[in-house]
Amino acid sequence: MDRNGFEPLILGFACNWCTYAGADLAGTSRIQYPPNLRMIRVMCSGRVDPTFVLKAFARGVDGVLIGGCHPGDCHYMEGNYKARRRIHLLRKMLRDFGIEPERLRLEWVSASEGARFAQVVADFTKTLKELGPLKKDAKIAVSQQD
Amino acid sequence: MAQKPKLALYWAASCGGCEIAVVRLYAKILDVAEAFDIVLWPCIMDFKYKDVEVLPDKSIDVCLFNGAIRNSEQEHMAHLLREKSKVLVAYGTCAYMGGIPGLANVANRESIFELVYHDTPSTANDNGVRPQLSYQVPEGELTLPEFYDTVRTLAQVVPVEYFVPGCPPVREQTEAVLQAVMEGQLPAPGSVVGASDKTVCYDCTRIREDKRIRGFHRPYEIIPDSTHCLLEQGIICAGLATRGGCGAPCLSVNMPCRGCYGPPPNVFDQGGKLLSALASIIDTQDQDEIERIADTVPDLLGVCYLFGLPASMLRRVRQD
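Those protein sequence lines, which keep their order, are chains A and B. Numbering follows this note's numbering, with no gaps: position 110 of the first sequence is 110. Numbering follows this note's numbering, with no gaps: position 51 of the second sequence is 51.
Possibly wrong hints are sitting among the right ones.
Straight-line alpha carbon distances no greater than 25 Å define the calculated DMTMM-like cross-link-like pairs of lysine to aspartate or glutamate that follow [claimed, not checked]:
| # | chain 1 | residue 1 | chain 2 | residue 2 |
| --- | --- | --- | --- | --- |
| 1 | B | 198 | A | 49 |
| 2 | A | 92 | B | 299 |
| 3 | A | 92 | B | 289 |
| 4 | A | 55 | B | 197 |
| 5 | B | 86 | B | 139 |
| 6 | A | 92 | B | 286 |
| 7 | A | 135 | B | 288 |
| 8 | A | 92 | B | 288 |
| 9 | B | 211 | A | 100 |
| 10 | B | 211 | A | 49 |
| 11 | B | 28 | B | 139 |
| 12 | A | 92 | B | 221 |
| 13 | A | 92 | B | 283 |
| 14 | B | 211 | B | 289 |
Where chain B lies over chain A, by a calculated footprint (3+ residues, C-beta under 8 Å) [to be verified]:
| # | region |
| --- | --- |
| 15 | 32–44 |
| 16 | 73–82 |
| 17 | 90–99 |
None of these hints come from the bench; they were simulated from the model. None of these values were measured; they are calculated from a predicted model. Cβ coordinates follow ideal geometry from the N, Cα and C atoms, glycine included.
Work out the full structure, taking the sequences as your base and the hints as a guide.
In structure tokens form, the structure reads like this:
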């Protein structure tokens, strides 16, 4: 259920070789998908440092999407496997931080999967609308008077 | 004779180890007493807060402040000492990054009080007595400092000139810092002093080969080889995400680095970097196996942010 027209803000990291090209294809094919995603191109999903994701959440984004090549297809042989290990640990730690692990999503989208890219963004936006906004750092109460 | 520079030391939310670290200068402590006029050091000498309150602003040359800020008294003293000091130093990991008390940021005041004043088996508190900010007795009003929900670092409360990391800072580094203060050889404000710009691995003498592991162990679960890298043996060592300068004393007694010197230069989030390193050395590409290996770490947040939760990017666990 949509919480009073809440529009989630999603930060995306897309690998240059597959997902970014897939997003490009979605665009050139004029496939419609929700405008909630802000995308950053990185050379490989293995380039995405967990610190980037933590910083995004600290700054208040509602979800982070990381897109890489399908397993076995990584341009750098195994960067996507590294991403898979990192994201698994990071999701585990986000749960400890009280941030729903569903807010961090890792997806494999190839350069030919424009429609799938649009589907992933639509699906993730829907998930985040159901979750509602991220609990913000600014709401941290220090004193009883706050 | 020229007036001696004034030195103050204060103890906020910390265990007292930092006080010991200063006393542990041994005979050199006499040089410190010789060089400085000590105006506040509640742990060692008898001073009252009002002695500090009457000092003119900026009259204390150096204040070594240890401990995080988690109640109103500590916050008041942080502001007071900031006002009275020319140079305020966050001395020790608690003041620098929150330290062990900073782990309370996984909880909040209510759950801590519930545990301490009710749940612990050794507590008999049938009337549910909790600390009150003020209480009326026939003699007048009694007050207590307010306990906060969130632990903060010193720099999150007042501006700080220098940071001396360490739980506690090692003797040689404390000595070097005080020496630098006496000689007026301090670097640019905002710097971390009394530590190196490299990681603990640089100080560690263990043999490093190939880091590929199929499971993590806690230190008590195995007897590690004392000559090889502990991380290669599956014991989580934070050395590679931690600033050096301590001389790696933990490693020399077969214990892993826990990260007390904080992140190395240009790293914004120590835990994120440690997590990244741990993920990198897991030797599998299979999702189920990754999950199995990840589950061998019982408390990922606790391991990654043992000393720096309040200074981390997310600062605390989110609450409803």
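Item to check | Satisfaction of hint between residue 100 of chain A and residue 211 of chain B, Cα-Cα up to 25 Å | outcome: violated (31 Å)
Checklist entry - For the region 32–44 of chain A, do at least 3 residues have a Cβ located nearer than 8 Å to some Cβ of chain B? => result violated (count 0)
Item to check | Pair hint outcome, residue 211 of chain B versus residue 49 of chain A [Cα-Cα no greater than 25 Å] | outcome: holds (19 Å)
Checklist entry - residue 92 of chain A and residue 286 of chain B: Cα distance at most 25 Å? => result At roughly 17 Å apart (the allowed maximum being 25 Å), residue 286 of chain B and residue 92 of chain A satisfy the hint.
Checklist entry - When you check the alpha-carbon spacing of residue 211 of chain B and residue 289 of chain B, does it fall within 25 Å? => result Cα-Cα ~17 Å, so holds.
Next on the checklist: Holds or violated: residue 55 of chain A and residue 197 of chain B, Cα atoms, limit 25 Å.
Outcome noted: holds (23 Å)
Item to check | Proposed proximity, residue 288 of chain B with residue 135 of chain A (alpha carbon, max 25 Å) | outcome: Violated. Residue 135 of chain A to residue 288 of chain B sits at ~30 Å, over the 25 Å cutoff.
Next on the checklist: Just to be careful, I want the Cα atoms of residue 92 of chain A and residue 221 of chain B compared with a cutoff of 25 Å; is the pair within it?
Outcome noted: The given pair, whose Cα atoms are some 23 Å apart, holds under the 25 Å limit.
Checklist entry - Within a Cα-Cα threshold of 25 Å, do residue 92 of chain A and residue 288 of chain B meet the stated pairing? => result With Cα atoms ~14 Å apart, residue 92 of chain A and residue 288 of chain B stay inside 25 Å; holds.
Next on the checklist: Is the listed coverage of the region 90–99 of chain A by chain B valid when you require three or more residues with a beta carbon under 8 Å from a beta carbon of that chain?
Outcome noted: holds (count 7)
Checklist entry - residue 28 of chain B and residue 139 of chain B: Cα distance at most 25 Å? => result It is violated: about 47 Å lies between the C-alpha atoms, which goes past 25 Å.
Next on the checklist: Just to be careful, I want the Cα atoms of residue 86 of chain B and residue 139 of chain B compared with a cutoff of 25 Å; is the pair within it?
Outcome noted: Not OK: residue 86 of chain B and residue 139 of chain B at ~40 Å, beyond 25 Å, violated.
Going down the numbered hints, you'll see the structure goes against 5, 7, 9, 11 and 15, while the others check out.
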